[in-house]
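If you're matching them up, the sequences are chains A and B in order. The first sequence begins at 142 in my numbering and counts up one residue at a time. The second sequence begins at 1240 in my numbering and counts up one residue at a time.
Treat each hint with caution, since some may be false.
Unchecked claim - Straight-line alpha carbon distances no greater than 30 Å define the calculated DSS-like cross-link-like pairs of lysine-lysine that follow:
no.: 1; chain 1: B; residue 1: 1378; chain 2: A; residue 2: 203
no.: 2; chain 1: A; residue 1: 203; chain 2: B; residue 2: 1568
no.: 3; chain 1: B; residue 1: 1378; chain 2: B; residue 2: 1438
no.: 4; chain 1: B; residue 1: 1689; chain 2: A; residue 2: 303
no.: 5; chain 1: A; residue 1: 303; chain 2: B; residue 2: 1412
no.: 6; chain 1: A; residue 1: 203; chain 2: B; residue 2: 1412
no.: 7; chain 1: B; residue 1: 1689; chain 2: B; residue 2: 1302
no.: 8; chain 1: A; residue 1: 203; chain 2: B; residue 2: 1302
no.: 9; chain 1: B; residue 1: 1419; chain 2: B; residue 2: 1248
no.: 10; chain 1: B; residue 1: 1746; chain 2: B; residue 2: 1768
no.: 11; chain 1: B; residue 1: 1419; chain 2: A; residue 2: 303
no.: 12; chain 1: B; residue 1: 1687; chain 2: B; residue 2: 1746
no.: 13; chain 1: B; residue 1: 1521; chain 2: A; residue 2: 203
no.: 14; chain 1: B; residue 1: 1689; chain 2: B; residue 2: 1750
no.: 15; chain 1: A; residue 1: 203; chain 2: B; residue 2: 1544
no.: 16; chain 1: B; residue 1: 1248; chain 2: A; residue 2: 303
As the list claims (entries may be wrong) - Label pairs and their calculated CB-CB ranges:
no.: 17; chain 1: B; residue 1: 1409; chain 2: A; residue 2: 226; range: 43 to 49 Å
no.: 18; chain 1: B; residue 1: 1369; chain 2: A; residue 2: 281; range: 34 to 40 Å
no.: 19; chain 1: A; residue 1: 221; chain 2: B; residue 2: 1275; range: 57 to 63 Å
no.: 20; chain 1: A; residue 1: 296; chain 2: B; residue 2: 1404; range: 47 to 53 Å
no.: 21; chain 1: B; residue 1: 1413; chain 2: A; residue 2: 221; range: 30 to 36 Å
no.: 22; chain 1: A; residue 1: 288; chain 2: B; residue 2: 1789; range: 57 to 63 Å
no.: 23; chain 1: A; residue 1: 266; chain 2: B; residue 2: 1369; range: 29 to 35 Å
no.: 24; chain 1: A; residue 1: 296; chain 2: B; residue 2: 1368; range: 52 to 58 Å
no.: 25; chain 1: B; residue 1: 1434; chain 2: A; residue 2: 268; range: 52 to 58 Å
no.: 26; chain 1: B; residue 1: 1426; chain 2: A; residue 2: 193; range: 31 to 37 Å
Rather than coming from a laboratory, the hints here were simulated on the basis of the structure. From the three backbone atoms N, C-alpha and C, an ideal C-beta is built for every residue, glycine too.
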Amino acid sequence: MRHVISVLVQDHPRVLNRITSLFARRGFNLESLAVGTTHVPGLSRISLVVSGDDRTLEQVEKQLNRLIEVLKVTDHSEPHVERELALVKVHVGGLEERLAIKDIQEAFRARVVDVAKESLILELTGDSNKINSFVEALRPFGLLEVMRTGAVAMSRGERVLKVREKREEAV
Amino acid sequence: MKGAEALLKAMEQEGVEVIFGHPGGAIMPTYDALYDSPIRHILVRHEQGGVHAATAYARASGKVGVVMATSGPGALNLVTGLADAYMDSTPVVAITGNVPRSLIGTDAFQEADVTGVTMPITKHNYLVQDVNDLPRVIKEAFYIARSGRPGPVLVDVPKDVQLAEFTGSFDVKLDLPGYKPTLRGHPRQIERALEALEKAERPVLMVGGGAQDAHAEILAFAEKTGIPVITTLMGLGAFPGTHPLWLGMPGMHGTVAANRAIYHADVILAVGLRFDDRVTGKVSRFAPHAHTIIHVDVDPAEIGKIVRTQVPIVGDARLVMRELLRGAKPLRLATWWRELEEWRTRHPLTYRPRPHLQSQEVIRAFYEATGGNAIVTTGVGQHQMFAAQFFRVSRPRSFLTSGGLGTMGVGLPFAIGAQVARPGELVIDFDGDGSFQMTLQELATVVKYKLPVKVVVLNNGFLGMVRQWQDLFHAKRYSEVYLADSNPDFARLAEAYGIRGVRVERKEDLKKGVDAVLETDGPVVAEFKVYQEEGVFPMIPSGASVEEMITEDPRQEVGA
C-alpha cells in the first residue's frame, strides 16, 4: 500500500543522505522524496512516498526515528492534503493541437508558463493521480520533458507536525 | 589552545583514560597534543586492531571505548570494527583525521569520504567544520554512543581544524532534540507482562547482550519466579552459566534443552536481544506455541522487527527488570521443569571422545583450571562456539565475542582491550588458526604494553566452520579451507615476538599445557593441535527450525 510520510529533520549536512541510504540498505521502496525548509530556522521537512505492508511501514517509521537528526515522523493515514508540482513540456504541432492542449489545460486548471513555436511548458499542481492523468492526457501530443517534484503532504485541521514530540512514551 | 588540544580536553571531560590508535598525517596535530595529555595511548599495529580493542575495552569496562586513526586508509581500516561494534551495540567513539577543509572533495592524498562510508555502520557520525564545535560534538558523540541502545559514533576532524586556534567554551549543553531514548518501561505493558507470566505454564526468560548490566535484576527475578533462563551468545555472563535455572544458549549451536524450551514455551520474556537469525532459525517456526512474546528493548525499532510481539516494552533492560522484579511472584512450574530436566539430562552438551586432542576438552580444561574466573575472548568459527558451549561464564561483561557481524580476527584485539580495561584479571583468548592469523600482528601491542593475555590457538588446520558446512551441505567438497599446509609454527611465531610459546599436540599433554599457560606471568601463545575434522553440535542448519536439529549422534532422538 502507498503511504505518504512526513519527516521533520534538522537541516544538517548529509541528513538527506542518511535518509536515502537508510532506505537503500534496509530494502525499503522509496517512490518519491521532496525536501524543503520550514518556517522554523534549522528545520526541514521531507515528504516520502513509500509502498509496503504494515510491518514494512512500521519499520520505516521506527528506523527513521532512530536517526539522531530526525525529530518527528508521521504517516499520513489521517485526512491530509497532498500536492505535487509538475512541469510538462509538450510538443505543439499546429493551431489545432494548441487548442486541444488548451482544453486539457483548462480542464486540469494548469498554467502555461512558457510558449515557444513548437512547444509549451505547462505547470500543474495536484495530487499524484491528477498529475498522472494530466500527463497521460498530454502524451498523444508528444511529451518532450516531464518533471515532477514528488508528493508533499500536510495533515488537515488541528494536527500539526511539530518538534519535541518525537518519542511519546512508546506504545 | 589548538583544536587538537581542545579535542583531547573535551575527551578528558568525558572521562576518557585510554585511546587505542595509530597515527598518520592527517591526525598528527592530535598526536602531538597527546604527547602532553594525561590520556594514555595504546599503539596498535593496524587500525582494525585498535577499534576491536576499543570495543572490548567498552564491553569489559562498561565505559566508552575510544579509537583514533588518520584519514583515508587509516579511517577505512576502522570500517570492519565499527560495523562489528554497531551490530553488537557497543559504545565506541572513533576519532579520525581528515585532509584540510580546503582539500575535502578534491581526491587529495589519503582522502576518503569517511563519514559517507561509515554512515550505515555507525549510530551517528560527524564531520567537524568549525574548531569551536569540538566540545559540543565530543559531548554529543559520547552521549549518543553510551545512551539508549549503545553504538559507535565517528568524529572526523580535518587537519586544519585540529590546528586552528580554539576560542570556544567547554561549557556546552547537549542539544539533541531528535534523540530522547525511552528508558522507563510503560507501566501498563509491565503489568501485562506480569499477568502473562503469572498465567504461563511453560515460560522462558531469554537474555541477550543488551541485558549484561541487568544481571543482578535478572538473577533475582529468575530466583523469585523459578523461570528457566536462556542466554544468547551475546548474553553469556548476564546470568550465571552454573546456575540450576540456566538451560544454556539457544539457536544454531545452542543446547537441546534451550531450543526445545523455546519451541514449547507458551510465554517468552525476551530481554535485550534482537532475535538474530542465528537464534531464531526459520522465523515462521520460531516459538510456534508461544501465545505471548514479551520483548524488552531500549530500541523501539527492534520490537516487532523479526517476531511478532504481544507485549512490547521499550526501555532500559535494568530499569524494566527492576519493575518486573517488583511485581514478580513465584510461578508453579513443576511440570514444565520435569520436561526441561529430562531434555537437559538426556541431551547435555557433549562430544564424542577421540584419540586426538579435541578443542572441547581444551576449553573444558581451561574452564576447570580457572574455575571460570577469566575474561574470555574468542575469534569467530568453531572454536568460538566451543568456547560458548564449554566455558561457563558466570560474570557479566566477561565473554567477549563477535555476535552479530561474526568478525574473524577479533580474538586477540578483544583480549588486548579487555586486559587494558581490567588489568588485574586473567584474560584468555580462545582463537582459531584461521581467526588468529587475521590480526596476529597485534602480538606486538601485547609485547609493547606487557599485557599478560593468554592466547590459546585451537589449531585444527582448517577454516573449521566453513569446512563443517561443506561437510554437511556441499558433499565434503573442501573448497579453499585447508590451512595446515601453510600455517606457521605458532609457538615459534610467539617467540619471534618475545612471547612465550607453548605447543601441545597430544591428549596426554593437555594438563601440562594448560598449567604452562596459566602459570606464565606474562603473555603466552599456546598452540593446541586439535582434531581436524571435528564438528560443532548440536546444530540447527541455517534457516531451519528446532525440529531439524542435528545432534552429534544421529541415532539419538532429535526434534521436538
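Cβ separation of residue 1426/B and residue 193/A, checked against the hinted range 31 to 37 Å: Given about 32 Å between the Cβ atoms, the range holds.
Given hint residue 1302/B paired with residue 203/A - CA-CA distance at most 30 Å: holds (27 Å)
Pairwise hint evaluation, residue 1746/B against residue 1687/B, where the allowed Cα distance is 30 Å at most: Given that 30 Å is the threshold and the Cα spacing comes to 34 Å, the pair is violated.
Satisfaction of hint between residue 1412/B and residue 303/A, Cα-Cα up to 30 Å: holds (22 Å)
Restraint check for residue 1746/B with residue 1768/B, where alpha carbons must lie at most 30 Å apart: It holds: about 10 Å lies between the C-alpha atoms, which stays within 30 Å.
Satisfaction of hint between residue 1438/B and residue 1378/B, Cα-Cα up to 30 Å: Given pair residue 1378/B, residue 1438/B is violated - Cα atoms ~46 Å apart, limit 30 Å.
Satisfaction of hint between residue 1750/B and residue 1689/B, Cα-Cα up to 30 Å: holds (26 Å)
Pairwise hint evaluation, residue 203/A against residue 1378/B, where the allowed Cα distance is 30 Å at most: holds (25 Å)
Residue 1369/B versus residue 281/A beta-carbon gap, inside 34 to 40 Å or not: violated (56 Å)
Pair hint outcome, residue 1419/B versus residue 1248/B [Cα-Cα no greater than 30 Å]: holds (26 Å)
Outcome for the supplied range 57 to 63 Å, where the beta carbon pair is residue 221/A and residue 1275/B: holds (59 Å)
Hinted pair residue 1689/B and residue 303/A, Cα distance within 30 Å: violated (56 Å)
The structure does not agree with the numbered hints 2, 3, 4, 12, 16, 18, 23, 24, 25 stated previously, though it agrees with the rest.
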